[in-house]
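J.: Chain by chain, the residues run as shown.
2 protein chains.
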Amino acid sequence: MQDVFVVGAGQIPVGRGFDNPVDKMAASAIDRSLDDAGIDPLDIGALYVGNMTSGILSKRTQLGAVIAEKSRLTAIEALSTEAACASGSAAMRLGQMAIASGTHDAVVVCGAEQLTHVDKVAATKALASAADFDLESSRNETFVSLNATLMRLYLEKYGLAADSVAGFSITAHRNALSNPNALFHKEITPEDYCASRIVAAPLRLYDISPICDGAAAVVLANKAVVDSLGADNRGLVKVAASSIATMPVALARRNDPLDLVAVREANERALKQAKIERSQIDVLELHDAYTVMTALCLEASGFAKPGQAWTLARDGRTERDGDVPISTMGGLKARGHPVGATGVYQLVEAYLQLTGNAGPNQIRNAEFALTQNIGGTASTVINHILQRIQ
Amino acid sequence: MQDVFVVGAGQIPVGRGFDNPVDKMAASAIDRSLDDAGIDPLDIGALYVGNMTSGILSKRTQLGAVIAEKSRLTAIEALSTEAACASGSAAMRLGQMAIASGTHDAVVVCGAEQLTHVDKVAATKALASAADFDLESSRNETFVSLNATLMRLYLEKYGLAADSVAGFSITAHRNALSNPNALFHKEITPEDYCASRIVAAPLRLYDISPICDGAAAVVLANKAVVDSLGADNRGLVKVAASSIATMPVALARRNDPLDLVAVREANERALKQAKIERSQIDVLELHDAYTVMTALCLEASGFAKPGQAWTLARDGRTERDGDVPISTMGGLKARGHPVGATGVYQLVEAYLQLTGNAGPNQIRNAEFALTQNIGGTASTVINHILQRIQ
Chain D
180 MQDVFVVGAG
190 QIPVGRGFDN
200 PVDKMAASAI
210 DRSLDDAGID
220 PLDIGALYVG
230 NMTSGILSKR
240 TQLGAVIAEK
250 SRLTAIEALS
260 TEAACASGSA
270 AMRLGQMAIA
280 SGTHDAVVVC
290 GAEQLTHVDK
300 VAATKALASA
310 ADFDLESSRN
320 ETFVSLNATL
330 MRLYLEKYGL
340 AADSVAGFSI
350 TAHRNALSNP
360 NALFHKEITP
370 EDYCASRIVA
380 APLRLYDISP
390 ICDGAAAVVL
400 ANKAVVDSLG
410 ADNRGLVKVA
420 ASSIATMPVA
430 LARRNDPLDL
440 VAVREANERA
450 LKQAKIERSQ
460 IDVLELHDAY
470 TVMTALCLEA
480 SGFAKPGQAW
490 TLARDGRTER
500 DGDVPISTMG
510 GLKARGHPVG
520 ATGVYQLVEA
530 YLQLTGNAGP
540 NQIRNAEFAL
550 TQNIGGTAST
560 VINHILQRIQ
Chain L
180 MQDVFVVGAG
190 QIPVGRGFDN
200 PVDKMAASAI
210 DRSLDDAGID
220 PLDIGALYVG
230 NMTSGILSKR
240 TQLGAVIAEK
250 SRLTAIEALS
260 TEAACASGSA
270 AMRLGQMAIA
280 SGTHDAVVVC
290 GAEQLTHVDK
300 VAATKALASA
310 ADFDLESSRN
320 ETFVSLNATL
330 MRLYLEKYGL
340 AADSVAGFSI
350 TAHRNALSNP
360 NALFHKEITP
370 EDYCASRIVA
380 APLRLYDISP
390 ICDGAAAVVL
400 ANKAVVDSLG
410 ADNRGLVKVA
420 ASSIATMPVA
430 LARRNDPLDL
440 VAVREANERA
450 LKQAKIERSQ
460 IDVLELHDAY
470 TVMTALCLEA
480 SGFAKPGQAW
490 TLARDGRTER
500 DGDVPISTMG
510 GLKARGHPVG
520 ATGVYQLVEA
530 YLQLTGNAGP
540 NQIRNAEFAL
550 TQNIGGTAST
560 VINHILQRIQ
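Listed in order, the protein sequences are those of chains D and L. Heads up, the first sequence is in our numbering, so the first residue is 180 and it goes up one at a time. Heads up, the second sequence is in our numbering, so the first residue is 180 and it goes up one at a time.
Don't read these hints as lab results, they were simulated from the structure. There's no promise every hint is true.
One copy or two, it doesn't matter: identical chains are merged, so the pair holds either way.
Each computed DSS-like pair below joins lysine-lysine, with the alpha-carbon atoms no more than 30 Å apart [claimed, not checked]: (1) Lys365 x Lys304; (2) Lys203 x Lys365; (3) Lys417 x Lys203; (4) Lys484 x Lys454; (5) Lys299 x Lys365; (6) Lys238 x Lys299; (7) Lys402 x Lys417; (8) Lys203 x Lys304; (9) Lys454 x Lys417; (10) Lys451 x Lys484.
Please model the entire structure based on the sequences and the hints provided.
T.: And the structure:
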């Protein structure tokens, strides 16, 4: 298996009400990633695109070929992949396998999503297509209602106060303040959280990541391409792990809805591949689409005991100077969650952290970054570990 | 790069008006492929699903996790991929890379599509999402109208009679007669062709593949798994090539709409990987969604000179005992074209041919089979070459 390296990253600012259709957003992010890598587009062998809703909401499919044509990657191998909100990381998985197998020397991985050109009800319904059809989406469940159920069960089981997971949201908003590509630049306080409207009890507005648009891309390459590009001062970043696990889609079909088995499984596989312990993770970009999901992910990943994740925020451990820094550029909550793009935004941010290019949000001396991207209520979980090796 | 082998295949009969949603069809095909391979589901590392329209027409996404759960592949790595009508072969590409890279020892590749639970207009519009949005689909072009344009240009350019490409359709229907999994079991004559209604001039009904439902699956494995499964009398089939090329999506953006550059490109890459000449291909499962597409593919692939493909059918060379046997189990025209499943049906049929299990449709002593699967009007082209090596 060939080693896989990240050699460039590009993103457009997450936004709402963009005029740009998904292919143009994607092309912008791709072209930025190519420029960042300093690589000739003719040296790119394939493009892998992550997207969830373009067919449903924009009547556009075959995004691989469409986006290849709109960027500088004409005639290239190109495919699109979908794993609900983990589609971006699914694309990364394809890129990783393409390089690892020796199929290509360099590829581009792009995640892109446009959600705000339709009304929120239409977008919410499109996203709900990732829920179990028979037991959930056909009964009008949405990911808001499903996560409200999870949060209610969580607070009840552990006897927690209604605002116990607010800290994750507050941290995310604070980190987004200094990320120019984040959707929100607005600090929130515990009081703001408690004053925010209840969207679906017990979920408040500030528990929920926003519906928005965006696109991000990374360039992956093998060692020969890395050497040909020449050294620069940002160092070398390797893909140390790539893992995927699934579990039953419907909450009702799980033994314990609060036990995210697929998160645990994907995490263990990733740590094993990277040959590291959990404690060596310096940057944790997890799937904070909902505050309760942050808590459950931290617990399933072993960063906290069941029912205890909220104490990490309380004790400042999830801050940038803590030992479990999460959502370092704002996370899904405040950078924004353009679903199929999210996984690639996480990877771009991990790359910026490992190369010392995260600006005011820099985690010092970061060596390992874990991205954890989730489809559904953790029915698909895709993890990557990036490692700075020079 | 690890060698990749096909060790089992499964399909359900192509049909129309199935009650079964896409996940259940897929699970049936997958379970048949696992039984055919005689492999323990616990030895499967990943599931890659090809599908195009489930999100649009059935409000179901995240098919990887959904189908894994419905089949016997619980908790497995699972993803879905989309490249319009080439989605099935896109899934095969992922499977091939997963084994070649050493990521997994054995994987399942499945293509599945349900199109007939909605009316034909809705299905046709969903399929048109793969056309260029600005220049084609938003201007009410469909793949019927786009292929009508291609056929008109083709007949005009070479001064051919209106029924010159009928032979491809007649051959496909004849071959489907003895394929129990084909949609149509109805021989057609040149007179039937000429009497069939004009759908979009000059395209007649018998130029066009049907809208239908289906699912097919193959099991891929590395050599160690092949050895552990033990020998049986059907021989060993290797994936000798896997190639993808793209070109501008809109016909209007191509220098010559009758020159399918991506078909030529994908073909050349595949032959080079397999280290064979075109003349060594014993079975050619090409993308006969439209008779004109068959002609253009044969020409772009070098099996005929421009404007001359029709002579292959006239001279019997595309028959099962000819030197360029096409659509040996009925092809897209008569086995049927459940779009995201089609590429995997092609691979299943190629596998049956190479293992001597094609029944009355058997091509004798077939060693190399080429599958050619197309998205859009050849904007994405995905080729695989299977090789019998024992």
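J.: Next step is simple, just say for each hint if it's right about the structure.
T.: Outcome of the hint check:
no.	hint	in the structure
1	Lys365 x Lys304	within (28 Å within a copy, 42 Å between copies)
2	Lys203 x Lys365	within (28 Å within a copy, 46 Å between copies)
3	Lys417 x Lys203	within (29 Å within a copy, 39 Å between copies)
4	Lys484 x Lys454	within (23 Å within a copy, 56 Å between copies)
5	Lys299 x Lys365	within (22 Å within a copy, 49 Å between copies)
6	Lys238 x Lys299	both (17 Å within a copy, 16 Å between copies)
7	Lys402 x Lys417	both (10 Å within a copy, 28 Å between copies)
8	Lys203 x Lys304	both (24 Å within a copy, 22 Å between copies)
9	Lys454 x Lys417	within (13 Å within a copy, 33 Å between copies)
10	Lys451 x Lys484	within (21 Å within a copy, 55 Å between copies)
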